[in-house]
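Whenever a hint applies, use it, and build me the whole structure from the sequences.
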Amino acid sequence: KGDMSDETREARLRERTVKEFISYAIGCMFGRYSLDAPGLILANQGDTLQDYLARIPEPSFLPDADNIIPVLGDDRFEDDAYGRFRTFLSLTFGPDRLDENLAFVREALGGKESVRDYLAKRFFDDHVTRYKKRPIYWLVSSPKGAFQALIYMHRYNPDTLNTVLTRYVRPFRDRLEADVRVAEGELITASASAAQRNKAQKEIDRLNKQITELTDWERDHLYPMALQRIQIDLDDGVKRNYPLFGGVMKPVKGMAADE
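The numbering of the sequence shown is our numbering, which starts it at 1 and goes up by one.
Hints should not be assumed to be uniformly reliable.
Said to hold, decoys possible - Computed list of lysine-lysine pairs in BS3-like fashion (alpha-carbon distance at most 27 Å, straight line):
#1 LYS250 - LYS239
#2 LYS133 - LYS209
#3 LYS239 - LYS133
#4 LYS132 - LYS19
#5 LYS199 - LYS209
#6 LYS209 - LYS144
#7 LYS132 - LYS239
#8 LYS253 - LYS133
#9 LYS112 - LYS19
#10 LYS121 - LYS250
#11 LYS253 - LYS239
#12 LYS133 - LYS19
#13 LYS253 - LYS132
#14 LYS250 - LYS209
#15 LYS19 - LYS144
#16 LYS202 - LYS132
#17 LYS121 - LYS132
#18 LYS121 - LYS253
#19 LYS209 - LYS19
#20 LYS239 - LYS121
#21 LYS133 - LYS121
#22 LYS133 - LYS144
#23 LYS209 - LYS239
#24 LYS19 - LYS250
#25 LYS19 - LYS239
#26 LYS19 - LYS121
These are computed hints drawn from the structure, not numbers from a lab.
What follows is the structure, encoded as structure tokens:
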């Protein structure tokens, strides 16, 4: 806009550029793009890591093997989006400047949230907007987002949801239950102060809500849909394929066939 100050214009350009860089990084994580070759790499239905390696035999940045990248608000998986982004940033700009560049990315995004939080809370919505409500990276999500993971639609296969369930959701719930046991131990520690016990109880309540959410979601949606081994056809387009996973993918307004 004409009345925008140079400082505001620069800030918006920086934010837009950083978001585009993050989107490119996510694409490299899935093998859609590569640091070692221009253009699209994996862009056909059912493409695999082996197809990527056939084109890029010695990649400087290896795409995710199972096409499932958790996006969570805390550190639960080594191969989550934030961990992979840190690796990507180190490779592209050098490990000695990682902390500096993470701080730059955070400031460019507005400075109000961590890069991890941006990936968990806002990346998918920005991606949906960028692709005009036809996202190519899909977000598997429990109802309130206790568990979330991105998948690349071109690499989806009928076993993808079962892999989400067995490699990620169930181990994640096990970790939450282990955390509950730790917090319960703090409740009965003789030396714990009233404030420490109160904090532990709040953590127990928070974790139990997430455990219940995941248990109900698995029972009612994820497990039954994983058993269906749903096939998709990219020729049908995102608008027809994404709604096939209602209850498992995060809802996207305007995606339903009648919208």
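How the hints compare with the structure:
Restraint check: the Cα-Cα separation between LYS250 and LYS239 comes to about 14 Å, which is no more than 27 Å; the hinted pair holds. Restraint check: the Cα-Cα separation between LYS133 and LYS209 comes to about 31 Å, which exceeds 27 Å; the hinted pair is violated. For a cut-off of 27 Å, the pair hint linking LYS239 to LYS133 stands: about 8 Å separates their Cα positions. Of the supplied pair hints, the one linking LYS132 and LYS19 holds, its CA atoms being roughly 16 Å apart against a limit of 27 Å.
Restraint check for LYS199 and LYS209: satisfied, since their Cα atoms lie roughly 16 Å apart, inside the 27 Å limit. Restraint check: the Cα-Cα separation between LYS209 and LYS144 comes to about 10 Å, which is no more than 27 Å; the hinted pair holds. Between LYS132 and LYS239 the CA atoms are separated by roughly 11 Å; this keeps the pair inside 27 Å, and the hint holds. Restraint check for LYS253 and LYS133: the C-alpha separation of about 8 Å stays at or below 27 Å, so the hint holds.
A C-alpha spacing of about 15 Å is found between LYS112 and LYS19, which places the hinted pair at or below 27 Å, so the restraint holds. Between the alpha carbons of LYS121 and LYS250 the distance comes to roughly 12 Å, so the proposed pair stays at or under 27 Å and holds. A distance of roughly 11 Å separates the Cα atoms of LYS253 and LYS239; the hinted pair therefore holds under the 27 Å criterion. Annotation: proposed proximity of LYS133 to LYS19 holds, straight-line Cα distance about 17 Å (limit 27 Å).
As the CA atoms of LYS253 and LYS132 are separated by approximately 11 Å, the hinted pair is consistent with the 27 Å bound. As the CA atoms of LYS250 and LYS209 are separated by approximately 19 Å, the hinted pair is consistent with the 27 Å bound. Distance check on the hinted pair: LYS19 and LYS144 sit about 24 Å apart at the alpha-carbon level, within 27 Å; holds. A hinted pair counts as satisfied when its Cα atoms are at most 27 Å apart, and LYS202 with LYS132 does not qualify at roughly 40 Å.
Our distance criterion of 27 Å between C-alpha atoms is met by LYS121 and LYS132, whose separation comes to about 18 Å. A C-alpha spacing of about 16 Å is found between LYS121 and LYS253, which places the hinted pair at or below 27 Å, so the restraint holds. The suggested pairing of LYS209 with LYS19 is violated, with an alpha-carbon distance near 32 Å, which exceeds 27 Å. The suggested pairing of LYS239 with LYS121 holds, with an alpha-carbon distance near 23 Å, which does not exceed 27 Å.
Under the criterion of a C-alpha separation no larger than 27 Å, the hint pairing LYS133 with LYS121 is consistent with the structure, at around 17 Å. Annotation: proposed proximity of LYS133 to LYS144 holds, straight-line Cα distance about 21 Å (limit 27 Å). Of the supplied pair hints, the one linking LYS209 and LYS239 is violated, its CA atoms being roughly 32 Å apart against a limit of 27 Å. The straight-line distance between the Cα atoms of LYS19 and LYS250 is roughly 20 Å, inside the 27 Å bound, and the hint therefore holds.
A C-alpha spacing of about 24 Å is found between LYS19 and LYS239, which places the hinted pair at or below 27 Å, so the restraint holds. For the hint pairing LYS19 with LYS121, the CA-to-CA distance comes to about 13 Å; that is within 27 Å, so the pair holds.
Consistency note: the structure conflicts with the earlier hints numbered 2, 16, 19, 23.
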